[in-house]
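Number of protein chains: 2
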Amino acid sequence: MTQSVTGKAGPTHLLHFPQIDREIPSGAAETIFQSARRNGVRIVGACGGRGTCGTCTVLITEGRIHRDGEDAETIDENEHAKRRRKWVRSCQVRAVSNCVVEVAARSLAPVVRADVHMGEAAEMLALDAAVAAAIVHVAEATLEDTAADLDRVIAALPQPAARIDAVAVRALTGVLRDNGWSVRVLRHGDELIGFTRPGARLLGMAVDLGTTNAAAFLVDLETGMRLASLGIENPQVAWGGDLISRINYAIRDAEAAAELRESAVTAINALASDLCRSVDATPHDIVDIAVCGNTAMQHLLLGLPVRQLGRAPFVAAVRDAVEIKARDLGLAIAPGAYLTVAPNVGGFVGGDHVTALLATEDRWRDGRTTLVMDIGTNTEISLIHNGAILSASCPSGPALEGGHISCGMRAAEGAIERVGIENGRVVTRTIGNKPPIGLCGSGVLDALATLRTGKLIDDTGRFADGHPDIAEVNGKRALVLGDDVYFGQHDIRAVQLAKAAIRTGVELLLAQAGIEADDIAQFIIAGAFGAYIDVRSAIAIGLLPALPLDRFEQVGNAAGVGIRMMLASRAARERAREIARQCRYVELSTKADFQKSFLFNIGFRTRPHSRRGL
Amino acid sequence: MTQSVTGKAGPTHLLHFPQIDREIPSGAAETIFQSARRNGVRIVGACGGRGTCGTCTVLITEGRIHRDGEDAETIDENEHAKRRRKWVRSCQVRAVSNCVVEVAARSLAPVVRADVHMGEAAEMLALDAAVAAAIVHVAEATLEDTAADLDRVIAALPQPAARIDAVAVRALTGVLRDNGWSVRVLRHGDELIGFTRPGARLLGMAVDLGTTNAAAFLVDLETGMRLASLGIENPQVAWGGDLISRINYAIRDAEAAAELRESAVTAINALASDLCRSVDATPHDIVDIAVCGNTAMQHLLLGLPVRQLGRAPFVAAVRDAVEIKARDLGLAIAPGAYLTVAPNVGGFVGGDHVTALLATEDRWRDGRTTLVMDIGTNTEISLIHNGAILSASCPSGPALEGGHISCGMRAAEGAIERVGIENGRVVTRTIGNKPPIGLCGSGVLDALATLRTGKLIDDTGRFADGHPDIAEVNGKRALVLGDDVYFGQHDIRAVQLAKAAIRTGVELLLAQAGIEADDIAQFIIAGAFGAYIDVRSAIAIGLLPALPLDRFEQVGNAAGVGIRMMLASRAARERAREIARQCRYVELSTKADFQKSFLFNIGFRTRPHSRRGL
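Chains A and B, in that order, give the protein sequences. Just so we're aligned: the first sequence equals residues 1 to 614 in our numbering. Just so we're aligned: the second sequence equals residues 615 to 1228 in our numbering.
Next comes chain A alone, as it looks inside the complex (with noise of 0.2 Å):
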């Protein structure tokens, strides 16, 4: 995934897509798809850009594009004026000209707006916003009372503000002179930090700013109402799936680091741009965000070093909450409003950890023994004994969510989402139902668990010879499920590591807190993967004890629910650091039973279950 795409590669051109009137620039070493991806535009590619899925097709309505390998110059206008009245894979073709781009509807990831008639997809926060309005009225200026404007508002306020952002103020004139002399005051603790019409709405914004995807939910802050969500893939991907490849790209220079910085915000800002597109609102109308990630998100969005982070002692250079002003990020929502960073826990543990406890809270607060788990690219753990909170991170890699796997995709049309064996012979469900393009990560990790109960692996994941469903692909054995799909050697290498990093996670921290897994009286696991799982399946693959299933809870999006509450309240914020600042965190790599453990779960043998600690 890692390649060049500072557009230094050959011209660049410009993509203009009418449907969310955003415009982008297209280096000549990109495809269509990686330029809309790396500036946040929400083309759905649920292949990842293999050209397999054929959920990424564009018209180009005007302008010139070429094909791989083909020649930019031999191509005459007649073809290039076929090709404007033809869909293609955006992953598939390069700009050779500016070009407007329309999205097949289905390619264009879907804003999805609560609708407040259909109560099931309503969601009300408990409101306690950080940030209060009150409508002012003041008396006309004339030459008889030429007070200043803000002085005017500021003798009009039920109560004093200690500060008032100086930015935020240049609207005011405008305002007043515009709407007979009444203004909405924003208020964000003591300080005044917006002055917009009377009438305007009171927005806020939640992201989820994960290391492969960004979830992004807009609420009302006058009601608690969620009204729109979106999700796209994080851009950063193209700096490196992993957060090592990132950091790596990061600390070369302040260059490098500005240039993760700015995807980031890219994203943020384009997601912010199409949610209050879809409720006919625009980016100013929000005046609070707040946004979870993993530590080295959060450092790399707010732009502070990850040199340190990145090394032992891995140490944050912040762990507290931080609240910044969005327009010292470049997000381009209300001038006066903060942006508010989740806090963290140590190492890569991150806001998104925190956030996730906070919303599971009322599951553990009770003082069972807990186990909360987030799965992803990186993998957190909590364990929750004793009224201590032990945490840890994995670096699991993307392979469970579909990642560096052959035939990964993302969970859309066409994914294979289980994996089973009937009669002797592997059998796959798809999603929609339609014939098989790819795998998502739930269908991943069934594989895997589809070979070890049929024995159709060994001990240490090889390929065991005469099963009809297992071929030659490419020179090497798969699993074959269907045309053009398949689950190579290298597939099941690389969920064994992830297994086995999540697996030496959850052992060390019972380890550390001198209790069995079987001790564990609720595993909540958490996460947009996690809630679509087997858990049989993870079970027998190893990912997962082997408790009774009913100790299991899969809860879903948990770090989203918790950003929205920590948006919707300052209470919750509260609470998040609270919970943030209770958990000790545990570094694995330097556990002295770390390599054993890790090398021994990489494997398929049980372990004998009597045995404490490791």
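It should be emphasised that the hints constitute simulated quantities derived from the structure, not laboratory data.
Below, simulated EDC-like cross-link-like pairs (lysine to aspartate or glutamate); rule was C-alpha separation at most 20 Å, straight line:
(1) B/K1048 / B/D1097
(2) B/K1090 / B/D1072
(3) A/K591 / B/E758
(4) B/K1069 / B/E1086
(5) A/K591 / B/D759
(6) B/K1069 / B/E1036
(7) B/K1205 / A/E144
(8) B/K1210 / B/D1073
(9) B/K696 / B/E684
(10) B/K1205 / A/D145
(11) B/K700 / B/E716
Please build the complex by placing chain B on the supplied structure of chain A, with the hints as guidance.
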């Protein structure tokens, strides 16, 4: 003076000034002198670019130039090579390629360094700085102690902070590791605004941002000592010499307002850079800036709208002092530093008048009826009487400072500073006793006074006949003062308008207070121009009322003194705000008697002394 400086009129080249390590753009429509002025490069240029004074001399050591009227294409490389060995007047040449420019030593406006060993130059300010520094030492991070960098520092602080500048925190990680885990923490009020190496300097800069000139002062905030000072032309002059021209430009659109704002910011950045260079510091050592100017200058710098300020009822957007992060304005000083703008009174009576009142408070605090006047392109007047302060502003224009005067120039060598009559002939004295090349402000005033007292003009200001020093210049009568140096009818008119505006302001304020000129116990004349005028001349032409000479005091740049007091002391900031609140703004232009008084004061008839009010 108003002209296009947008650089859209042709190719733009880069001018590199190695002496001050600056690189600036130069548009095809600009002379090198104009480009330098517009970008805050401090070439003297006493005659304002008329080509008469030779104080803007430069050597082009690389690159190619042409002279006005030449066809750039026809100059061959030989000619360019020849030019590279000759000093040229920068106001007479344009760049036709990127150039390296060496400024003649006498043409580079000097940074005045205060030498602590020379008692008279060193100024020690009463110190109560807004920014305080504390050096903190923390334990090194280890695998056993992985607390975040910021948490370590906060725990070691002598007192807690309510807020932390998240942008400034970016430096912390590097500083700790480069300085043996020590850091100097800067605090501004209840906010941590900086994390620097323990040995870094703690500098502040005070800026008096006048309509025509900007003066800056570098102060050591640990000792209160003034380290250096520097004056340059305000580059906004390129958009108009007077405030109304600039306001009219700024209200065209947001881009135009941004041009003016950025021009002021460029000037302040250039001042910071040159001042710091002179004391072996860097602009990042500047942790606090205080700025004063008239209301319009302060609004333009802060990006506040000025439309409502330029028309009745002449209302400021903001009257009180403003604190804004310097980075929000694009200032390249310490990342967390604030810029403080002095409080306004109202109309165009701005922070520079309040600071002049602050600096002279020791003179008027005793309650004597006092008039404080700061003569400039805009002249501000305050009448302190019976515990009240009445304040007004007069649009006197740049004539009294030598601007818009045929042979006007800055106070520099060769400028006529005194004019008188000896044995019936007009005689002059120049600065440095050099041959006259123009008139500076005090010379302009003397020239008119001499014409008046010598009866070379009549009561309306028209030249009389028959004097040997009056001759035709360009077909019009003029007082001849040297080779190519004269004072013409148009110049007389400009000074008449200026003195009428100022005198009218004084009369209307007296009328408002119900007193007469003779009731003024002390008359304080502030401002750089006011420091050099001959009060007798000012009385002779009717600019000042005919009070006994011992009631006048010429105090020099009181605004500069006052803004340095605000920079160095929180108590002075508070006092300035109190003074501003105490002032009652009087709008002169809408007074019933304004027109009548103004028209009367254009001429030279003496008003009957006993008349009350008008």
